[in-house]
Amino acid sequence: MNEQVSLLRAEFPDTIAEAPKVEAEKKLPLLPGAERYSKIVTRFSPNPDCVLHLGSARAIILSHDYARKYGGKFLLRFEDTDPRLKKASLVFYDLIKKDLDWLGCRWDEEYIQSDRISTYYEVVEKLIKSNGAYVCTCDPSTFRGYLSSSIPCPCRNLAIEEQMNRWRMMLGEGYREGQAIVRVKTDLGHPNPAVRDWPALRIIDTTKHPHPRVGSKYRVWPLYNFATGIDDHFMGITHIIRGKEHITNTVRQMYMYKHLGWEYPVAIHYGRLKIEGAVLSKSKIVQGVRDGLYEGFDDPRLATFLALRRRGVLPDSIRKLIYDVGIKPVDVTISWQNLYSYNRQMVDKIASRYFAIVDNIELWIQGAKDHMKAVLPKHPEDKARGNRELTVSWIDGVVKVLVSRSDMKLLLSNPIVRLMGLMNIGNVKPEDGHLRAIFKGFAVHEARAARAPLIHWLPVRDLVKIFLLMPTGERLKGLAEKSLADEPVDSLVQLERIGFGRIDGKQDNEIVVYFTSR
RNA sequence: GCUCCGGUGGUGUAGCCCGGAUAAGCAUAGUGGCCUUUCGAGCCACUGAUCGCGGGUUCAAAUCCCGCCCGGAGCACCA
Numbered sequence: 005m006n007e008q009v010s011l012l013r014a015e016f017p018d019t020i021a022e023a024p025k026v027e028a029e030k031k032l033p034l035l036p037g038a039e040r041y042s043k044i045v046t047r048f049s050p051n052p053d054c055v056l057h058l059g060s061a062r063a064i065i066l067s068h069d070y071a072r073k074y075g076g077k078f079l080l081r082f083e084d085t086d087p088r089l090k091k092a093s094l095v096f097y098d099l100i101k102k103d104l105d106w107l108g109c110r111w112d113e114e115y116i117q118s119d120r121i122s123t124y125y126e127v128v129e130k131l132i133k134s135n136g137a138y139v140c141t142c143d144p145s146t147f148r149g150y151l152s153s154s155i156p157c158p159c160r161n162l163a164i165e166e167q168m169n170r171w172r173m174m175l176g177e178g179y180r181e182g183q184a185i186v187r188v189k190t191d192l193g194h195p196n197p198a199v200r201d202w203p204a205l206r207i208i209d210t211t212k213h214p215h216p217r218v219g220s221k222y223r224v225w226p227l228y229n230f231a232t233g234i235d236d237h238f239m240g241i242t243h244i245i246r247g248k249e250h251i252t253n254t255v256r257q258m259y260m261y262k263h264l265g266w267e268y269p270v271a272i273h274y275g276r277l278k279i280e281g282a283v284l285s286k287s288k289i290v291q292g293v294r295d296g297l298y299e300g301f302d303d304p305r306l307a308t309f310l311a312l313r314r315r316g317v318l319p320d321s322i323r324k325l326i327y328d329v330g331i332k333p334v335d336v337t338i339s340w341q342n343l344y345s346y347n348r349q350m351v352d353k354i355a356s357r358y359f360a361i362v363d364n365i366e367l368w369i370q371g372a373k374d375h376m377k378a379v380l381p382k383h384p385e386d387k388a389r390g391n392r393e394l395t396v397s398w399i400d401g402v403v404k405v406l407v408s409r410s411d412m413k414l415l416l417s418n419p420i421v422r423l424m425g426l427m428n429i430g431n432v433k434p435e436d437g438h439l440r441a442i443f444k445g446f447a448v449h450e451a452r453a454a455r456a457p458l459i460h461w462l463p464v465r466d467l468v469k470i471f472l473l474m475p476t477g478e479r480l481k482g483l484a485e486k487s488l489a490d491e492p493v494d495s496l497v498q499l500e501r502i503g504f505g506r507i508d509g510k511q512d513n514e515i516v517v518y519f520t521s522r
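Under my numbering, the first residue of the first sequence is numbered 5, with each subsequent residue one higher.
Honestly, the hints are just simulated from the structure, not real lab data. Hints should not be assumed to be uniformly reliable.
Ranges of calculated distance between the beta carbons of each label pair, as one might list FRET restraints [to be verified]:
no.	residue 1	residue 2	range
1	Ser122	Thr476	46 to 56 Å
2	Arg465	Leu297	58 to 68 Å
3	Pro214	Met173	16 to 26 Å
4	Gly330	Ser285	30 to 40 Å
Since the structure is predicted, the reported quantities are computational estimates derived from the model, not experimental observations. Virtual Cβ for every residue (Gly too), placed ideally from N, Cα, C.
My request is simple: use the sequences and hints to build the entire structure.
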């Protein structure tokens with residue numbers, strides 16, 4: 005068995021889930037009402053009108069992980085029943101699945117509501133025949149009038165045959181868009197007017213607004229509560245984990261369940277998850293991308309999963325964050341620091357170290373010998389990873405290195421400063437366009453004894469250009485040691501004293517690094 | 001306005017349902033120290049909430065009750 009695992013790991017490193025997840029899973033609180041079911045079934049049901057972002061993380065991770073924890077099933081269901089206002093786009097069906105894969109939330113079954121229209125038609129007929137629904141032809145504003153005074157509209161109590169007749173007219177060409185709607189009967193005296201006789205199916209002119217998948221095949225489309233309620237029942241969902249904006253929807257749907265003699269699943273509602281400063285509105289994201297305000301759905305300024313992945317955030321960091329936040333109905337505004345902290349704990353172990361400088365200044369060192377070599381480990385705790393070597397030589401009788409301009413103050417105010425892995429220097433003075441310093445020995449312990457700051461540096465030769473993309477969208481040009489070029493695309497690295505990043509690509513002798521965090 | 005829900009240190013969370021054990025645990029951020037050829041990780045210490053406000057019940061309340069204030073969600077032929 006172990007042999008097989010190690011073989012698998014060697015061949016397909018991505019197929020094996022790693023340990024941190026197990027540790028995090030311990031913190032998942034018990035699922036309410038789990039004992040009532042022999043098998044837990046959860047679902048994630050996005051509208052494919054945008055890519056997924058951090059705001060969906062609670063629904064996805066909790067639904068998936070609870071299903072796994074209890075040995076149940078996790079379903080993916082695309083809710084694309086609005087060809088007009090919240091119209092789906094074909095690309096998003098695919099991108100959403102990629103997001104889920106990346107998050108490690110593999111689904112057991114997949115459904116698309118636009119494939120299930122006939123099911124909804126069957127149920128609505130059953131519902132009409134059992135006097136649980138009716139076809140309303142009232143003008144919306146007149147209907148609202150009846151509703152607010154708890155008066156049944158003239159359509160509500162028509163005979164069932166007449167209702168069926170109207171329903172067939174809806175399906176045919178008997179009514180135009182907006183002229184008829186199916187409503188589910190509830191309690192007209194319900195304290196919340198929003199619950200009273202809610203709309204279940206409406207007509208959409210799909211010749212004008214074709215559905216991206218099924219075109220103009222259907223003109224009667226179910227609304228959210230109807231489609232979701234039916235699917236949750238037929239798919240055997242035991243636990244619905246969704247945002248608290250759906251609380252009244254739960255109340256609405258329970259009326260339908262009662263009409264049909266179904267048992268409503270356990271519904272858990274969580275609050276909105278925001279992250280400071282980030283735009284988490286799907287319409288704004290889509291609009292921003294379309295207008296060119298963002299580079300794409302993976303623009304580092306966005307909190308989409310695509311962007312987080314590109315920036316080097318690991319899915320398990322998001323998972324840990326979600327576990328930490330829990331399932332309360334209150335809205336939470338997470339700080340990026342929190343995410344970064346979880347991420348660092350994992351990335352620190354895997355990221356190799358390199359020197360890089362964004363804004364450099366030359367430092368000329370007198371008294372140092374020619375041909376020096378600094379040997380630094382790629383990872384301080386994992387020596388097996390090997391070393392990187394930086395060499396410096398005399399140029400016009402001095403050793404020239406590059407240091408970060410941001411270290412200037414530190415260089416000028418300390419009697420001794422250590423260039424990591426190379427030597428100690430002192431007497432730093434600014435000169436026209438560069439800094440000048442004097443060699444002060446090699447010994448680390450001397451630097452430590454003098455409480456000398458340690459700074460990173462670069463040789464003036466053997467460098468690669470880097471292009472650093474910051475989370476703010478800012479683009480910084482810089483230089484890094486040559487060995488950074490050996491890092492494969494997609495690997496996570498630490499640019500020492502700058503922060504963590506992900507190698508995004510290499511082009512024109514330049515390495516593109518997406519900055520993750522300090 | 002109506003119908004719901006919630007308010008614990010900068011941020012997030014535990015505890016409250018079944019009131020008492022340290023007048024509040026943890027994480028993160030902040031500060032200091034140790035360690036260390038990174039401003040990372042690790043270790044240690046410190047800072048920081050009288051638990052939204054006021055009243056009540058009780059020997060005892062963050063935990064129960066009432067009022068108030070504040071915040072959020074819903075009130076679409078959207079999901």
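Mind checking the hinted window 16 to 26 Å against the Cβ distance between Pro214 and Met173? The hint (16 to 26 Å, Cβ to Cβ) holds, given that Pro214 and Met173 are roughly 22 Å apart.
That 58 to 68 Å hint for Arg465 and Leu297 (C-beta), does it hold up? violated, 41 Å
Using the C-beta atoms of Ser122 and Thr476, is the stated range 46 to 56 Å upheld? holds, 50 Å
Within 30 to 40 Å or not, the Cβ separation of Gly330 and Ser285? violated, 24 Å
The structure is inconsistent with the numbered hints 2 and 4, although it conforms to all the rest.
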